[in-house]
Amino acid sequence: MKGGLRALLRLYYVQAAWNYERMLGIGMGHAAVPLLEELRTLDPSRHAEAVARSADYFNANPNLAGLALGALARAEHDHVPGAAVSRLRTALSGPLGALGDRLFWAGIVPALSALALAAVALGAGWWAALGLVVVYGVIRALTARWALATGWAEGLQVGAAIGKSWVPRSAERAGVVAGFCVGLAIPLAATWLLRGAGREPALMAPAVALAGLTLSRLVGPHHTALRFGVGVLVLGLLAGVLGA
Amino acid sequence: MTALVLAGLLTWGVVVALDLVSGPQALLARPVVAGTVAGLIAGDLEAGLRVGMLLEMFALDVLPVGASRYPDYGPATVAAVAVVAGLPWQERLGLAMLLALPLAFVGGLAMQWLRHANARAMQDRVAAVAAADRRAIAALHYGGLLRDGLRGAALTGLGLAVAVPLRGLALPPHVATLLLAGAVGSGLAAVMNGALRSTGRGTRARWLVAGLGLGGVLAVASGAWR
Chain A
1 MKGGLRALLR LYYVQAAWNY ERMLGIGMGH AAVPLLEELR TLDPSRHAEA
51 VARSADYFNA NPNLAGLALG ALARAEHDHV PGAAVSRLRT ALSGPLGALG
101 DRLFWAGIVP ALSALALAAV ALGAGWWAAL GLVVVYGVIR ALTARWALAT
151 GWAEGLQVGA AIGKSWVPRS AERAGVVAGF CVGLAIPLAA TWLLRGAGRE
201 PALMAPAVAL AGLTLSRLVG PHHTALRFGV GVLVLGLLAG VLGA
Chain B
1001 MTALVLAGLL TWGVVVALDL VSGPQALLAR PVVAGTVAGL IAGDLEAGLR
1051 VGMLLEMFAL DVLPVGASRY PDYGPATVAA VAVVAGLPWQ ERLGLAMLLA
1101 LPLAFVGGLA MQWLRHANAR AMQDRVAAVA AADRRAIAAL HYGGLLRDGL
1151 RGAALTGLGL AVAVPLRGLA LPPHVATLLL AGAVGSGLAA VMNGALRSTG
1201 RGTRARWLVA GLGLGGVLAV ASGAWR
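Chains A and B, in that order, give the protein sequences.
According to my numbering, the first sequence is numbered sequentially starting from 1.
According to my numbering, the second sequence is numbered sequentially starting from 1001.
There could be a bad hint or two in this list.
[As the list claims (entries may be wrong)] Listed below are several chain B residues computed to face chain A (Cβ distance under 8 Å; list not exhaustive): (1) L1010; (2) A1067; (3) S1068; (4) A1190.
[To be verified] Chain B is nowhere near these chain A residues, computed Cβ spacing over 12 Å in every case: (5) G159; (6) K164; (7) S170; (8) G183; (9) V241.
[Said to hold, decoys possible] For each label pair, taking beta carbons as the anchor points, the in silico distance ranges come out as: (10) B:R1197 <-> A:V135: 19 to 27 Å; (11) B:A1067 <-> A:G137: 50 to 58 Å; (12) A:G137 <-> B:G1200: 29 to 37 Å; (13) A:R199 <-> B:G1202: 15 to 23 Å; (14) A:P206 <-> B:S1222: 41 to 49 Å; (15) B:P1172 <-> A:A124: 30 to 38 Å; (16) B:A1007 <-> A:L42: 23 to 31 Å; (17) A:G163 <-> B:R1206: 25 to 33 Å; (18) B:A1007 <-> A:L210: 37 to 45 Å; (19) B:A1205 <-> A:G231: 48 to 56 Å; (20) A:K164 <-> B:Q1112: 17 to 25 Å; (21) A:L210 <-> B:R1135: 54 to 62 Å; (22) A:G220 <-> B:G1168: 16 to 24 Å.
To be clear, the hints were calculated from the coordinates, so they are not data collected in a lab.
By construction, the Cβ of each residue, glycine as well, lies at the ideal position given by its N, Cα and C atoms.
Here chain A stands alone, though its shape is the one from the complex:
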């Protein structure tokens, strides 16, 4: 796979031109350029078609976008008809989005972030942040490398390869691990934040949390933590100033 390293590096910025029309499309086009470079001399007309196609609409979790990038570039090199390449692109969008979001945004990221919170509460200091960035960086680099290599090796068969891979199983397990880690972090973070704050905040904060949870159960998806937080702080400020 010529241009693989450059494509891999460009995948780290695949969402730079994210927009509501083509979503990741432009970023995918930018990352595909090194992989399609060889076609430029071998088959210039195919190269032009392939570059234009590579920047079409596409959406997926950025961490798994390499699977599609590799498979689509391989299909262009294999002279698969353009319509079939476009169909593959469309077909990969949904599954790579759903799987990647479950694996990373609902699994690995909250799990590691929660572990970092627990580590801070247990006295790790800035090592907690460093550990979070390093561990995630390693997971992400290995995933990106595997994704691009698998996409390139499998080409049109990439869908079946994803189904048999570690990704679907890990996506399921990652959510369970995230639940445990977030649970672990909550009491540690709460006690650490309130330590040294005095008796009143330690008594009031759980009551505020309970009110927020109750409100979210009653109001449903319209309630957001951000709005609740701002509301509570404004009320606290008003109560404090008026009660002075």
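Starting from the known structure of chain A, arrange chain B on it as the hints suggest.
For chain B alone, coordinates are given in the frame of chain A:
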């Protein structure tokens, strides 16, 4: 707070704003990371850790998927650290959240603006992209990065512009206490709400409860509750 520290915080704010979506998405934008580094820049690691931990609890309620709009806690964390650094955190943490939470909301709105601006830029070059002009694709890509960097600079600059005068504001102790309790309480509500929503019932819920139990035991054993 010196001009050098403010410049360092502004630069870091741009980096974390870029990291959220544009890249490299290395989790630098997570409040626990953004706050720690901002604390080191400002010379008060504990302030950075406390701000980062509290805002991380809000961030754990967010699922940043696809085209949804979500708060940008990175620049907000950096600005909040500027409110607390070098001062007693018990008096400043609640006030810092009063700046950070609305700023995170504005950051989410700014993200929407960015996505529309990227779409407009693409419309201007749609013919060149269709003609496989690689320079047009690269220009769109780096143009998006530049716009996001400017978004980060504007957000962090706005946050720091508010944070600096807030540092001089003397809050009565009972107001600071109310704000601190409200901030920690709503952070707790956020993280628990996010955890309950994503675990639902069944196996995941059981593991959440197991985590809560172990966390409680560790909190007692480590003396963090004292």
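Starting from the hint 17 to 25 Å, judge whether the C-beta atoms of K164 of chain A and Q1112 of chain B obey it.
Given a distance of about 38 Å, which is not inside 17 to 25 Å, the answer is violated.
Given the hint of 41 to 49 Å, is the C-beta distance from P206 of chain A to S1222 of chain B inside that range or not?
violated, 19 Å
With a cut-off of 8 Å, does the beta carbon of S1068 of chain B approach a beta carbon of chain A closely enough for the hint to hold?
violated, 10 Å
Per the hint of 30 to 38 Å, is the separation of the Cβ atoms of P1172 of chain B and A124 of chain A within bounds?
Holds, since P1172 of chain B and A124 of chain A (Cβ atoms, about 35 Å apart) stay within the stated range.
Identify whether the interface hint at A1067 of chain B stands, where standing means a beta carbon of chain A within less than 8 Å of its own.
This hint holds: A1067 of chain B lies near chain A, its Cβ roughly 6 Å from the closest one there, short of 8 Å.
Interface hint for A1190 of chain B, Cβ within 8 Å of any Cβ on chain A
holds, 3 Å
Range first: 48 to 56 Å. Now tell me if the beta carbons of A1205 of chain B and G231 of chain A are that far apart.
Check failed, 28 Å falls outside 48 to 56 Å.
If you check the beta carbons of A1067 of chain B and G137 of chain A, does the distance land in 50 to 58 Å?
Violated: the Cβ-Cβ distance is about 26 Å, outside 50 to 58 Å.
Grab the minimum C-beta distance from L1010 of chain B to chain A and call the hint holds if it beats 8 Å, violated otherwise.
violated, 20 Å
Could you see if the CB distance from R199 of chain A to G1202 of chain B stays within 15 to 23 Å?
This hint is violated: roughly 39 Å between Cβ atoms.
Could you tell me whether the CB distance from G137 of chain A to G1200 of chain B stays inside 29 to 37 Å?
With a Cβ separation near 30 Å, G137 of chain A and G1200 of chain B satisfy 29 to 37 Å, so the hint holds.
Is it the case that V241 of chain A keeps its Cβ farther than 12 Å from each residue Cβ in chain B?
V241 of chain A is in fact no farther than 12 Å from some Cβ atom of chain B, at 7 Å.
Hints 1, 3, 8, 9, 11, 13, 14, 16, 19, 20 and 22, counting from the list given before, are not met by this structure.
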